[in-house]
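Letter by letter, the chains look like this.
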Amino acid sequence: MSNTIHIQQIQEQQLTLEEAKSLTILFQGEAYTYYDEGLSRFVFVNKDKTQVVKLQFLESAKWNEEENNIYLNSSLDDKKYLAKTELVDGFIVQEFCEPQKFRKTPLSIPEMLFANSCRGEVGWNKEGRLVCFDLDEYKKW
Amino acid sequence: MTDSAQLQKIVLEYFEDTSDKTFSKIVKAFVFDRGTDDFEATGKLNEFIDDNGLSDVLVRLYSDKVNPNKIFLSTSLSERNLIEDLHYAFLIESFNRFKVLVIAQEILELKLKVAEKKASAYKAVLETHSIVLDELVNDLENYE
Numbered sequence: 003m004s005n006t007i008h009i010q011q012i013q014e015q016q017l018t019l020e021e022a023k024s025l026t027i028l029f030q031g032e033a034y035t036y037y038d039e040g041l042s043r044f045v046f047v048n049k050d051k052t053q054v055v056k057l058q059f060l061e062s063a064k065w066n067e068e069e070n071n072i073y074l075n076s077s078l079d080d081k082k083y084l085a086k087t088e089l090v091d092g093f094i095v096q097e098f099c100e101p102q103k104f105r106k107t108p109l110s111i112p113e114m115l116f117a118n119s120c121r122g123e124v125g126w127n128k129e130g131r132l133v134c135f136d137l138d139e140y141k142k143w
Numbered sequence: 322m323t324d325s326a327q328l329q330k331i332v333l334e335y336f337e338d339t340s341d342k343t344f345s346k347i348v349k350a351f352v353f354d355r356g357t358d359d360f361e362a363t364g365k366l367n368e369f370i371d372d373n374g375l376s377d378v379l380v381r382l383y384s385d386k387v388n389p390n391k392i393f394l395s396t397s398l399s400e401r402n403l404i405e406d407l408h409y410a411f412l413i414e415s416f417n418r419f420k421v422l423v424i425a426q427e428i429l430e431l432k433l434k435v436a437e438k439k440a441s442a443y444k445a446v447l448e449t450h451s452i453v454l455d456e457l458v459n460d461l462e463n464y465e
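Protein chains in written order, with my numbering: chain V, 3 to 143; chain B, 322 to 465.
In case anyone wonders, no lab produced these hints; they're calculated from the structure.
Straight-line Cα separation of at most 25 Å, DSS-like style, residue types lysine-lysine; simulated pairs:
no., chain 1, residue 1, chain 2, residue 2
1, V, K81, V, K142
2, V, K141, V, K128
3, V, K82, V, K51
4, V, K141, B, K391
5, V, K23, V, K51
6, V, K141, V, K82
7, B, K386, V, K141
8, V, K106, B, K330
9, V, K142, B, K391
10, V, K86, V, K51
11, B, K386, V, K142
12, V, K103, B, K330
13, V, K82, V, K142
14, V, K103, V, K49
Note that the structure is a prediction, hence the values are computed from the model and not measured.
All chains, please: the whole structure from these sequences, using the hints.
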């Protein structure tokens, strides 16, 4: 596998973590590099860190569609606490937010309550707000 | 920093200027659910709860406590865990204050011992001086 690949080609291949980490993907004319991984998806980020793309590596799971539905069906109030999300050609495109697990900013008690209710899947967006980026975890715990 | 450590820091800083006496009443009320008859302690605790957005969680937690057999609790697991961690943070702050008091007590005892030794040394010196003085008076009387 070459190091730069168009995003559509990935669907035809099974990516391993090692491959994902060394990969640059092209999506809508922009280059994305590996950022993080979840249980069933790899996350790639663009160079100016404004957007991420989530790729499923488990075909059985439909987390991208699920995440998009959660965002679409959320109230406006809830959307304030969710990273902006859309589904483009089967891929989740989401506003970039720096995960709290990497940034480790000391949290206030209300922020802690929010972060824990999302199983820690929260990060800081460009506006400096703490938002949930794994929408399936939003206030579930 | 873990959540527990951060909570300890928040409690430490928030109650920095609160006296041990008032803080002990706050702990009794908040951690042990015993209430307080102290206006200052109640006010400070309410202020802490409001400032940290905990009113709603605590009301629901109280409802869960008085109805423990409910199938669906009003609080989430993460909320209950956080309140438990907060209780620990208050108890740890209590222990730290207790430790400071014990150290202060030990310092006081040491100072007292030093003072006693000084006093007994002064007493010995005074007794020596008194003997010398008596001898001098005797000598003076004999001389006359």
